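Make the full structure from the sequences, and use the hints.
Number of protein chains: 2
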Amino acid sequence: MKTAARIGPVTRWRNKVEVINGPIVFVPTMGALHEGHAALIRRARRMAGIKGSVVVSIFVNPTQFGPKEDLAKYPRPFAQDLALCKREGVDLLFYPAPEEMYEGDSSVKVCESSLSAGLCGASRPHHFDGVCTVVAMLFNIIRPDAAVFGEKDWQQLAVIRRMVRDLKMPVKIISHATVREEDGLALSSRNRLLTSSARLLAPRIYQALLACSMEAEAGESSVARLRCRLISDLAGIPGASVDYAEIVDESTLLPLKQLISGSTSRALVAVKLGAVRLIDNLVISR
Amino acid sequence: MKTAARIGPVTRWRNKVEVINGPIVFVPTMGALHEGHAALIRRARRMAGIKGSVVVSIFVNPTQFGPKEDLAKYPRPFAQDLALCKREGVDLLFYPAPEEMYEGDSSVKVCESSLSAGLCGASRPHHFDGVCTVVAMLFNIIRPDAAVFGEKDWQQLAVIRRMVRDLKMPVKIISHATVREEDGLALSSRNRLLTSSARLLAPRIYQALLACSMEAEAGESSVARLRCRLISDLAGIPGASVDYAEIVDESTLLPLKQLISGSTSRALVAVKLGAVRLIDNLVISR
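Residue numbers (our numbering), protein chains in the order written: chain G, 68 to 353; chain C, 68 to 353.
Rather than coming from a laboratory, the hints here were simulated on the basis of the structure.
Just to be clear, a hint being listed does not mean it is correct.
Identical copies carry no separate label here, and so any pair may be met within one copy or between two of them.
[Claimed, not checked] Listed next, the in silico DSBU-like pairs over lysine-lysine satisfying Cα-Cα at most 35 Å (straight line): (1) K219 to K235; (2) K83 to K235; (3) K153 to K339; (4) K324 to K239; (5) K176 to K339; (6) K219 to K69; (7) K235 to K176.
All of these numbers come straight from a predicted model, not from anything done at the bench.
Take a look at the structure:
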């Protein structure tokens with residue numbers, strides 16, 4: 068596995084890659100890699116084939132953290148991340164420092180104004196501009212044919228798809244189903260920050276989503292009633308504070324009044340358990 | 068010469084181009100091509116060589132025009148533009164309609180917040196976001212190795228260079244000196260909108276810039292005094308209204324107090340002659 072902390076070597080590597088050998092498939096991450104990331108990397112490997120290339124980036128992007136958020140506390144277990152990438156057959160690991168990515172007088176951003184407004188964007192006002200900007204930068208540096216994103220951060224996935232569509236980026240976006248613990252908790256680098264009692268309660272977030280999904284499948288089509296039940300289930304988790312729980316169109320993220328047969332709706336939730344904010348989502352269909 | 072109004076054929080063309088044959092050099096335009104554009108295309112041709120490719124786009128980008136600006140009046144002499152491109156040996160001419168570039172619910176923009184604030188940006192508040200967004204889109208569609216921009220719109224050139232730097236775009240930006248009429252007037256598609264009396268007065272914009280440059284070369288280093296003379300020369304043109312006249316650092320576009328030997332300063336001006344707004348600029352050095 069080749070590793071690079073600087074852009075120059077990545078560019079030189081990229082200029083030598085023969086397109087004919089197979090696609091370059093990219094998995095952008097913030098590190099603290101877990102089985103969810105490993106699943107994304109394996110998906111990238113299958114798509115690239117033996118002759119294509121899998122590129123992983125590890126970059127805890129400061130511009131997507133708010134001033135009161137957990138940038139400093141975000142876990143950075145680099146040696147373990149490196150081992151996981153090697154084990155999964157990654158071809159190139161790019162792990163720039165913030166100074167390699169951002170100039171002191173940097174003044175250009177990529178901004179999304181529709182899908183970013185609600186949900187996580189409501190409490191994290193510049194988060195998705197930071198995400199769009201860094202993903203655009205990484206795409207420009209790595210020039211992948213495809214990039215793999217997890218479905219756990221559904222809003223991020225929808226925003227990235229919108230950016231690629233609107234800016235005509237030549238990158239195919241692949242999504243991968245959320246990987247869960249046996250008890251249903253969605254894998255997240257932030258799970259390791261949970262206290263042991265919060266960890267025991269955390270699977271109830273997924274249970275609330277499942278109950279909502281089952282109610283819809285049983286015939287309930289009123290989004291107001293489904294959402295009411297979802298919020299009450301989440302609020303019933305001891306010590307939980309519900310940041311949001313919405314049932315939206317899965318592409319536009321616009322709120323719905325009724326579930327419509329054949330269309331794709333999704334419940335998206337964010338819940339704070341103690342100091343740790345967890346997100347999850349599930350498809351809701353009739 | 069291949070022509071394409073849709074993105075699909077451009078993508079297919081681009082995927083077949085062998086990098087080994089020579090660079091792809093891109094000249095983005097709004098059409099109404101004149102000798103200034105022809106000079107940019109010839110520069111692109113020299114850089115691409117016989118085996119490389121020259122791509123020209125013609126797109127009057129609606130998002131860079133304000134609601135009260137001349138979008139509808141902007142000249143669109145397509146047959147003449149096509150002939151010029153053929154004559155200059157362009158390999159691919161891309162001329163999308165607005166609907167091909169922008170979705171109805173488009174929500175992603177590229178925004179520059181520092182160099183765009185003053186000069187033309189002061190009276191055209193969203194102009195450079197529109198420019199950055201469309202240039203990013205065109206770069207993503209055409210994936211050129213280099214792109215050629217005229218120096219006449221110096222602020223645009225500086226903003227594009229900043230965008231390429233900050234978003235790590237894999238495109239080399241080449242600038243080409245302003246092409247002028249024999250009487251000094253900078254070539255512009257908007258010159259044809261001048262009345263015949265305004266056309267006779269228009270070269271005095273360049274004369275004022277030249278006088279400023281000569282005064283600096285003769286030893287004047289106070290930007291306030293140089294600028295005062297420049298504004299008074301421009302304001303002395305009958306019927307002219309000076310939108311701005313600034314002497315700035317040519318990369319950051321920040322205002323200067325003194326000319327410093329060895330550093331690069333530039334005078335940038337915008338003047339309205341009747342209904343037509345003309346811009347020009349000139350290097351100012353000691």
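The hints, checked one at a time:
1. Taking the shortest Cα distances, K219 and K235 sit within 35 Å of each other both inside one copy (25 Å) and across copies (28 Å).
2. Both within a single protomer and between protomers do K83 and K235 lie at most 35 Å apart by alpha-carbon distance, with minima of 24 Å and 18 Å respectively.
3. Taking identical chains as interchangeable, the C-alpha atoms of K153 and K339 lie at most 35 Å apart only when both belong to the same chain, with a minimum of 34 Å there against 63 Å between chains.
4. Taking the shortest alpha-carbon separations for K324 and K239, only the intra-copy value of 32 Å comes in at or below 35 Å, while the best inter-copy value is 50 Å.
5. For the identical chains of this complex, K176 and K339 are neighbours both inside a copy (29 Å) and across copies (32 Å), given an alpha-carbon limit of 35 Å.
6. In this homomeric assembly, K219 and K69 come within 35 Å of each other (Cα to Cα) only inside a single copy, at 28 Å, whereas the closest approach across copies is 44 Å.
7. For the homomeric pair K235 and K176, the shortest alpha-carbon distances inside one copy (16 Å) and between copies (12 Å) are both at most 35 Å.
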